[in-house]
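Listed in order, the protein sequences are those of chains B and H.
Take any residue in the first sequence, note its place counting from 1, add 22, and you have its number in my numbering.
Take any residue in the second sequence, note its place counting from 1, add 22, and you have its number in my numbering.
These are calculated hints, taken from the structure and not from any lab test.
Misleading hints may appear alongside valid ones.
Since the list can't tell identical chains apart, any single copy or any two copies may satisfy a pair.
[To be verified] Derived BS3-like pairs: lysine-lysine, alpha-carbon spacing no greater than 25 Å straight-line: (1) LYS114 with LYS429; (2) LYS91 with LYS380; (3) LYS244 with LYS302; (4) LYS361 with LYS304; (5) LYS425 with LYS249; (6) LYS53 with LYS103.
2 protein chains.
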Amino acid sequence: MPQGKVLVAQGGGPTAVINESLVGVVTEARKFDSIERVYGALHGVSGIVNEDFLDLTQETDANLENVAKTPCSALGSTRVKPDLAYCQEIFKVLQAHEISTFLYIGGNDSSDTLKILAEEAVNANYALRCIHVPKTIDNDLMINDHTPGYPSAARFVASAFAGVNQDNRALPGAYIGVVMGRHAGFLTAASALARNFEDDGPHLIYLPETTFNADQFASDVKRVYDKYGRVVIAVSEGIHDESGQPIITTLAKEVERDDHGNVQLSGTGALADLLCDVVKAKTDISRVRGDTFGYLQRSFLGCVSDVDQREAREVGQRALQYAQTGDTDGSVTIHRVDKGGQYAAEYQLSPLDAVAGKTKVMDPSFIADSGHDVTDAFMDYLTPLVGSDMPVVARLEADPVAKILKK
Amino acid sequence: MPQGKVLVAQGGGPTAVINESLVGVVTEARKFDSIERVYGALHGVSGIVNEDFLDLTQETDANLENVAKTPCSALGSTRVKPDLAYCQEIFKVLQAHEISTFLYIGGNDSSDTLKILAEEAVNANYALRCIHVPKTIDNDLMINDHTPGYPSAARFVASAFAGVNQDNRALPGAYIGVVMGRHAGFLTAASALARNFEDDGPHLIYLPETTFNADQFASDVKRVYDKYGRVVIAVSEGIHDESGQPIITTLAKEVERDDHGNVQLSGTGALADLLCDVVKAKTDISRVRGDTFGYLQRSFLGCVSDVDQREAREVGQRALQYAQTGDTDGSVTIHRVDKGGQYAAEYQLSPLDAVAGKTKVMDPSFIADSGHDVTDAFMDYLTPLVGSDMPVVARLEADPVAKILKK
Chain B
23 MPQGKVLVAQ GGGPTAVINE SLVGVVTEAR KFDSIERVYG ALHGVSGIVN EDFLDLTQET
83 DANLENVAKT PCSALGSTRV KPDLAYCQEI FKVLQAHEIS TFLYIGGNDS SDTLKILAEE
143 AVNANYALRC IHVPKTIDND LMINDHTPGY PSAARFVASA FAGVNQDNRA LPGAYIGVVM
203 GRHAGFLTAA SALARNFEDD GPHLIYLPET TFNADQFASD VKRVYDKYGR VVIAVSEGIH
263 DESGQPIITT LAKEVERDDH GNVQLSGTGA LADLLCDVVK AKTDISRVRG DTFGYLQRSF
323 LGCVSDVDQR EAREVGQRAL QYAQTGDTDG SVTIHRVDKG GQYAAEYQLS PLDAVAGKTK
383 VMDPSFIADS GHDVTDAFMD YLTPLVGSDM PVVARLEADP VAKILKK
Chain H
23 MPQGKVLVAQ GGGPTAVINE SLVGVVTEAR KFDSIERVYG ALHGVSGIVN EDFLDLTQET
83 DANLENVAKT PCSALGSTRV KPDLAYCQEI FKVLQAHEIS TFLYIGGNDS SDTLKILAEE
143 AVNANYALRC IHVPKTIDND LMINDHTPGY PSAARFVASA FAGVNQDNRA LPGAYIGVVM
203 GRHAGFLTAA SALARNFEDD GPHLIYLPET TFNADQFASD VKRVYDKYGR VVIAVSEGIH
263 DESGQPIITT LAKEVERDDH GNVQLSGTGA LADLLCDVVK AKTDISRVRG DTFGYLQRSF
323 LGCVSDVDQR EAREVGQRAL QYAQTGDTDG SVTIHRVDKG GQYAAEYQLS PLDAVAGKTK
383 VMDPSFIADS GHDVTDAFMD YLTPLVGSDM PVVARLEADP VAKILKK
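Okay, chain B solo, but in the shape it has when bound:
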């Protein structure tokens, strides 16, 4: 069993429940006499190199429980992916602080970081136990049935579309909501959970797993609008044409690229506006509105799946246990089991390289043949994840009054 100090850090995009996992690690560590201290690195691996550690051993249970309920990485996050030289810097710091266990809470980039680090630790003959704790609203980690953070973000997206669908019923027109997800459409697909009545939106759901064609899009929009007098559309920020070009680049002249050369999809309203322009140009719909849900999807205060909270806590606790009682590095993975028709989750430690740097996308069985909707199989998959007490949506049921003047 590793002695000494445990180090925990958070990487990548925040989620509503990422601190549940952090607190799961810290509280579980308190059960092991062999663990001397739990350090938290600020801003992921960059905090290790900078020796920016908090001594989480000092945290009260009461404050930890409040932190667990607070959205977004309490330790701060990073997008840094270390190379060999960076890893050597990390080992120097870990050695100086006598750290034997590193738990990294993050997505596929963070698990890739951990894989690199674990390999370099072996090469450097540095004894380091590396456990990856899953997290991502994109729900795109291999092996996992789903990932902590996704159910709460899905609940946000479903709640948002349930609301804008009502808004669109009240003041009809075309409404486009753009949802996060560069390669995987899981979060956009969650918009389908907003539907309660046969004519509820979103009526069209465009995913990055399918090819997007602007003419076909305009024709779909027009068809729904002609049927219902209104249309609500969910669009993934990652939609692309048949050559793989993001639609935001094919529609816009100027696009911003991030440090990795990726086109900036979030933190800009451009895609929703461009798609509104398509609808205005190619249909006769007069009221066309678009919103880009942006960072609210992963951080909004008070929109959390209780299932997600419990599972995020548990993967943190499991990670600590695997580190203390196991003898391999790995990634904690979530697996679905059927307990007498009821949803339940089980946990395993899977090899790092089965998760690291890979991206899971939606299974074809989750995508309707039309290419712009989800299947019942997806709804069965999603429904138990978003948690209890989803607010009710109701309509007036009274009969129309017989017309007197215009009968």
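Assemble chain H onto chain B, guided by the hints.
Positioned in the frame of chain B, the structure of chain H alone reads:
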């Protein structure tokens, strides 16, 4: 006491609690034997002209309670403002259906509609009791301390900024969130409620009550960024230059105008993107992100102030009572009273023309001298409105670990 039928309708932009007022009208009417039927007009005054009525007398109390909890006008809404000819069409329909009382739930446009209708009813010698039921997320109705719909939207904006502030702490940079409010900054100002710690955002709040200057804005942003290493900014969609020109028009070449010739501010991400461009061009901040909160602010499922719910219900009930037991038209208004240091609301019937077509903006005492923040007086005003059980926001409190290599 008016005999016969009561007609109720909803106008203008939806809110999260507008159906509480509708249900307040319908359930209160059940106490009066003199009321034969309660009709609901679909899509406001346009539903009257089209004779599109639902017989709400048929609704069960159980379904009405579910409708009350559902966001956005269950009867549908409209932006139509009737002229004389339109009013004559309305009277023909009301007469044919023997309707003596019209309750219109809406904002200053809807109260103006009601004022026109009430005046034309007198001219036409048509006996019609007209009562306006207040509603608007903009909080811009005269006489009222605040308006139903605003507290829930304020809670959404505060919850959104509390989340993005955490996100911005985790992955630092500049973040701009654009909030609804063409003339009144109340909703944007509610972002201040997101702050829990001294360095929490929003650090800068730009309101339509003050003049916006892009150079000053960039300089403010840079100053905060240099101090905290990050900056969160709340901006009203209605910010304008000293000549009154909306900033979205001064920054953009192309803007869309609505049917009234107003520049389209909502349903487009343009302003956030343009302001991000300003920050990128005029500062050295590399990570700049902007979101436009859009329609989620007034429709999001499950983000409601319980105070707002109760008050929205009550103004509907009061409106019905004023109509049945009073002898004048008017607008139900909300007034704040201090009950032993505790917030409480009282209700009055105020003259229609005191509310109709007028816009209340933020009192100068609510705006900080800097012009880009709110005062403690505003926080005292807002805090009791947003309701109970705001989610907790906490931080890790542990001490930093002493550096060994870089001491």
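Do the hints match the structure? See the list:
no.: 1; hint: LYS114 with LYS429; verdict: between (85 Å within a copy, 14 Å between copies)
no.: 2; hint: LYS91 with LYS380; verdict: neither (29 Å within a copy, 42 Å between copies)
no.: 3; hint: LYS244 with LYS302; verdict: within (11 Å within a copy, 38 Å between copies)
no.: 4; hint: LYS361 with LYS304; verdict: neither (50 Å within a copy, 58 Å between copies)
no.: 5; hint: LYS425 with LYS249; verdict: within (24 Å within a copy, 66 Å between copies)
no.: 6; hint: LYS53 with LYS103; verdict: neither (32 Å within a copy, 68 Å between copies)
Violation of the numbered hints given earlier is confined to hints 2, 4 and 6; the remaining hints are satisfied by the structure.
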